[in-house]
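Given next are the chains, with one letter for each unit.
There are 2 protein chains.
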Amino acid sequence: MKNTIKVETPVFDTLTLKGQIIRKLLDKHQVLAINIMASPGAGKTSLILKLIESLKNKFRIAVIEGDIVPIDVEKIQKQQIPVVLAHTGGACHLDSVMMEKALKKLKLNELDLLLVENVGNLICPASFYLGTHKNIVIASVPEGDDKPYKYPTMFKGADLVVLNKIDHLEHDNFDLQNFIAGVSALDPKIEIIKVSARNGLGIAEIVDWIKLQSKNNGK
Amino acid sequence: MKNTIKVETPVFDTLTLKGQIIRKLLDKHQVLAINIMASPGAGKTSLILKLIESLKNKFRIAVIEGDIVPIDVEKIQKQQIPVVLAHTGGACHLDSVMMEKALKKLKLNELDLLLVENVGNLICPASFYLGTHKNIVIASVPEGDDKPYKYPTMFKGADLVVLNKIDHLEHDNFDLQNFIAGVSALDPKIEIIKVSARNGLGIAEIVDWIKLQSKNNGK
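Going line by line, the protein sequences match chains A and B.
Straight run, no breaks: the first sequence in our numbering ends on number 219.
Straight run, no breaks: the second sequence in our numbering ends on number 219.
Hints are computed from structural coordinates only; laboratory data are not their basis.
Errors might be hidden in some of the hints.
Same chains, same names: a pair is fine if it fits in one copy or spans any two.
As the list claims (entries may be wrong) - Straight-line C-alpha distance at most 25 Å; calculated SDA-like pairs for lysine to any residue: (1) LYS194 with GLU170; (2) LYS101 with ASN173; (3) LYS104 with LEU169; (4) LYS78 with ASN217; (5) LYS28 with THR14; (6) LYS56 with ASN178; (7) LYS18 with ASP208; (8) LYS78 with PHE174; (9) LYS194 with GLN20; (10) LYS75 with ASN173; (11) LYS28 with ILE71; (12) LYS101 with ASN199; (13) LYS105 with HIS168; (14) LYS75 with ASP172.
Remember, it's a predicted structure, so these values are computed and weren't measured experimentally.
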């Protein structure tokens with residue numbers, strides 16, 4: 001575990017600056033970019049697959065997968081849209097340097113919507129600005145209703161909270177009101193959409209939300 | 001997000017060394033320490049509560065909770081055993097410095113078993129040696145059967161993999177054989193115990209496993 005760190009520049013500032021450059025690049029090409037964050041297994045990839053199904057006739061979509069293995073990349077590839085693995089090298093989050101490398105493999109002038117699947121983690125990804133326009137945080141019913149209370153930074157930064165696996169409500173001891181109150185206490189403006197990526201429930205609402213963001217973004 | 005990092009010493013080496021010192025301290029007091037790692041919501045605290053119930057008549061137990069909020073600490077406190085919040089300051093893992101601070105609040109000469117609940121994360125905690133004797137990694141059925149393939153470092157470092165929420169098998173499209181094959185491919189010696197922390201299934205097997213580790217540890 002020998003690993004010498006010798007850095008004398010303000011790392012976060014450099015990364016934030018790079019994020020701002022990415023944002024300008026995305027805006028120049030009128031690409032709406034959404035950063036999707038969640039725990040491992042909350043349903044990020046499943047949701048992305050459902051969104052592609054519903055949106056690919058309206059938007060030219062690409063996906064960036066923050067990961068160390070191409071398991072999810074292969075799932076997205078079956079949808080016949082551009083997908084890039086942003087290799088995180090074992091880091092627990094994406095950053096703007098990884099994003100920049102991944103973006104170079106995409107033709108931005110041929111895209112309308114970029115879905116970025118961040119690393120499965122409710123802590124670190126919240127601290128790294130990627131240049132994306134909106135944050136979707138996915139929680140899932142089996143994880144429990146205490147997640148907004150335990151990971152406030154992540155949920156506070158969300159523009160939209162997707163509560164996935166809502167079909168598990170009947171099996172799990174999940175207090176929906178407690179979950180909603182936890183999110184609202186952080187920021188009452190955060191929208192919450194209840195979803196089952198498995199059976200499609202609530203997907204249409206997210207699709208409408210994305211269309212609205214795209215409209216607001218100048219499309 | 002301004003944050004200047006200026007470090008010129010081998011950080012990981014220092015942390016590993018401190019972990020080794022902690023290990024010696026634990027051994028001196030004949031305290032078996034177990035590092036419990038998992039995704040957010042996989043059931044770490046629920047499992048710890050079940051283990052306390054089953055073990056507190058045999059072992060003098062304490063718990064260290066790696067967290068930023070005392071939600072889980074309060075749950076453990078109801079069991080009338082010593083519990084300490086190791087404040088992670090927003091880091092996505094425990095390290096040996098946080099452990100050292102937490103240990104100072106415990107009377108090691110009055111303990112037999114220390115359960116350490118790491119931060120909910122399947123990446124970073126695998127890289128930080130805490131001085132603990134054994135690693136339990138909890139996966140849960142709703143997270144999906146691909147987790148050992150997606151987080152190989154975490155699962156490879158496990159002495160015991162607990163597959164929790166096994167009562168969800170009937171609701172989820174979880175391929176048990178694929179999960180087991182994924183763990184075995186990393187290390188065929190890793191034991192896997194199927195558990196439902198909710199209904200108590202499999203808890204007795206983990207209790208037996210801990211008793212065996214304690215015996216091997218010289219108790």
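Hints and how they fare:
Taking CA atoms no more than 25 Å apart as the test, LYS194 paired with GLU170 passes in both settings, with 14 Å inside one copy and 22 Å between copies. For the homomeric pair LYS101 and ASN173, neither the shortest alpha-carbon distance inside one copy (43 Å) nor that between copies (35 Å) is at most 25 Å. In the homo-oligomer, the alpha carbons of LYS104 and LEU169 never lie at most 25 Å apart, since the shortest distance is 42 Å inside one protomer and 42 Å across protomers. In this assembly of identical chains, the alpha carbons of LYS78 and ASN217 never lie at most 25 Å apart, being 28 Å within a copy and 50 Å across copies at closest.
Only within a single protomer do LYS28 and THR14 lie at most 25 Å apart by alpha-carbon distance; the minimum there is 21 Å, versus 46 Å between protomers. Proximity of LYS56 and ASN178 under a CA criterion of 25 Å is satisfied in neither setting, with 35 Å inside one chain copy and 31 Å between copies. Taking identical chains as interchangeable, the C-alpha atoms of LYS18 and ASP208 are never at most 25 Å apart, the minima being 30 Å within one chain and 52 Å between chains. For the identical chains of this complex, LYS78 and PHE174 are inter-copy neighbours only, at 21 Å across copies versus 34 Å inside a copy, given an alpha-carbon limit of 25 Å.
With identical chains, the CA atoms of LYS194 and GLN20 are never at most 25 Å apart, being 32 Å at best within one copy and 47 Å at best between copies. Only between protomers do LYS75 and ASN173 lie at most 25 Å apart by alpha-carbon distance; the minimum there is 16 Å, versus 31 Å within a single protomer. For a Cα distance limit of 25 Å, the shortest separation of LYS28 from ILE71 qualifies neither inside one copy, at 31 Å, nor across copies, at 45 Å. In the homo-oligomer, the alpha carbons of LYS101 and ASN199 never lie at most 25 Å apart, since the shortest distance is 35 Å inside one protomer and 47 Å across protomers.
Proximity of LYS105 and HIS168 under a CA criterion of 25 Å is satisfied in neither setting, with 38 Å inside one chain copy and 40 Å between copies. Taking the shortest alpha-carbon separations for LYS75 and ASP172, only the inter-copy value of 19 Å comes in at or below 25 Å, while the best intra-copy value is 28 Å.
Of the hints listed earlier, those the structure fails to meet are numbers 2, 3, 4, 6, 7, 9, 11, 12 and 13, in rising order.
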